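J.: Take these sequences, add in the hints, and give me the full structure.
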Amino acid sequence: ETGVTQTPRHLVMGMTNKKSLKCEQHLGHNAMYWYKQSAKKPLELMFVYNFKEQTENNSVPSRFSPECPNSSHLFLHLHTLQPEDSALYLCASSQGIAGGNYEQYFGPGTRLTVT
Amino acid sequence: RKEVEQDPGPFNVPEGATVAFNCTYSNSASQSFFWYRQDCRKEPKLLMSVYSSGNEDGRFTAQLNRASQYISLLIRDSKLSDSATYLCVAAPPGTYKYIFGTGTRLKVLA
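Each protein sequence line maps, in turn, to chains A and B. Residues 1 to 115 (my numbering) are what the first sequence spells out, left to right. Residues 116 to 225 (my numbering) are what the second sequence spells out, left to right.
Any given hint could be a false lead.
Cβ-Cβ distance ranges computed for the label pairs, FRET-style [claimed, not checked]: (1) B/Arg174 <-> A/Thr113: 33 to 41 Å; (2) B/Ser167 <-> A/Lys41: 29 to 37 Å; (3) B/Asp192 <-> A/Lys41: 28 to 36 Å; (4) A/Ser59 <-> B/Ser141: 18 to 26 Å; (5) A/Lys41 <-> B/Ala144: 20 to 28 Å; (6) B/Asn180 <-> A/Arg111: 34 to 42 Å; (7) B/Arg174 <-> A/Gly28: 25 to 33 Å; (8) A/Arg111 <-> B/Glu130: 25 to 33 Å; (9) B/Arg156 <-> A/Thr2: 43 to 51 Å.
FYI, nobody ran anything at the bench for these hints, they're computed from the structure. Remember, predicted model here, so these are calculated numbers, not experimental data. Beta carbons are placed, not taken as given, at the ideal position from N, Cα and C, and that holds for glycine.
T.: This is the structure:
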């Protein structure tokens, strides 16, 4: 499936590095999301954008910086990360808001390891 | 209390068995519900939406019980390929937040 794509698929970075994750959706959706998934924990919502405007910031540390240049692209800029930030980072999109019974579709994720 | 709670399992069932999972949600105003399937080290994939009247897709049936605030997933004639973690999702109205449970792990044994 190529509805939501993410690059890179795997990333190893040191705590002083700066890197960016990229997400692109080809579904014509209006909302895009970043989630973090750590072992044995539920998906944690990080950011939500609707029509390029950020609508949710779930108390995410400033070392994570999102960017949404248009409704199809979403970036997550990373800098001075900590080892506990190692996780699977998932991008998702939906046509509309969650409470409107709009289904959410996920990209394959970026598996991030911070050394 | 967690917003969405699931029994983590694992549920170990033989091929051909019927298995059911329940998921409870704490926000009585939640309006949208979904089941996702997640394979090891992969992304969640939408299995089905859960409507008030319930819905069925092949061997899978989902039900919503608003009075008791739970949704269920029934899998009939289990296949080895059904082995995965099943995630329950609830969405309160008027928000962009999809609230995920921690998932229920299913192992179908030959």
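J.: Does the Cβ pair B/Asn180, A/Arg111 satisfy 34 to 42 Å?
T.: With Cβ atoms ~37 Å apart, the hint holds.
J.: Hint says 25 to 33 Å; check whether the CB-CB distance for B/Arg174 and A/Gly28 agrees.
T.: The hinted range 25 to 33 Å holds for B/Arg174 and A/Gly28, with Cβ atoms some 31 Å apart.
J.: Does the Cβ distance between A/Ser59 and B/Ser141 fall inside 18 to 26 Å?
T.: holds, 20 Å
J.: For the hint 25 to 33 Å, verify it against the beta carbon of A/Arg111 and that of B/Glu130.
T.: Once the Cβ atoms are compared, 31 Å apart, the range 25 to 33 Å for B/Glu130 and A/Arg111 holds.
J.: Are B/Ser167 and A/Lys41 spaced within 29 to 37 Å by their CB atoms?
T.: Holds: the Cβ-Cβ distance is about 30 Å, inside 29 to 37 Å.
J.: Between B/Arg156 and A/Thr2, does the beta-carbon spacing fit 43 to 51 Å?
T.: Because 19 Å falls outside the window, the suggested range is violated.
J.: Given the hint of 33 to 41 Å, is the C-beta distance from B/Arg174 to A/Thr113 inside that range or not?
T.: Holds: the Cβ-Cβ distance is about 37 Å, inside 33 to 41 Å.
J.: Does the beta carbon distance between B/Asp192 and A/Lys41 stay inside 28 to 36 Å, or does it fall outside?
T.: At roughly 32 Å between Cβ atoms, A/Lys41 and B/Asp192 fall inside 28 to 36 Å, so the hint holds.
J.: Given the range 20 to 28 Å, decide if the beta-carbon distance of A/Lys41 to B/Ala144 lies inside it.
T.: holds, 25 Å
Comparing the model with each earlier hint shows a violation of hint 9 alone; every other hint is respected.
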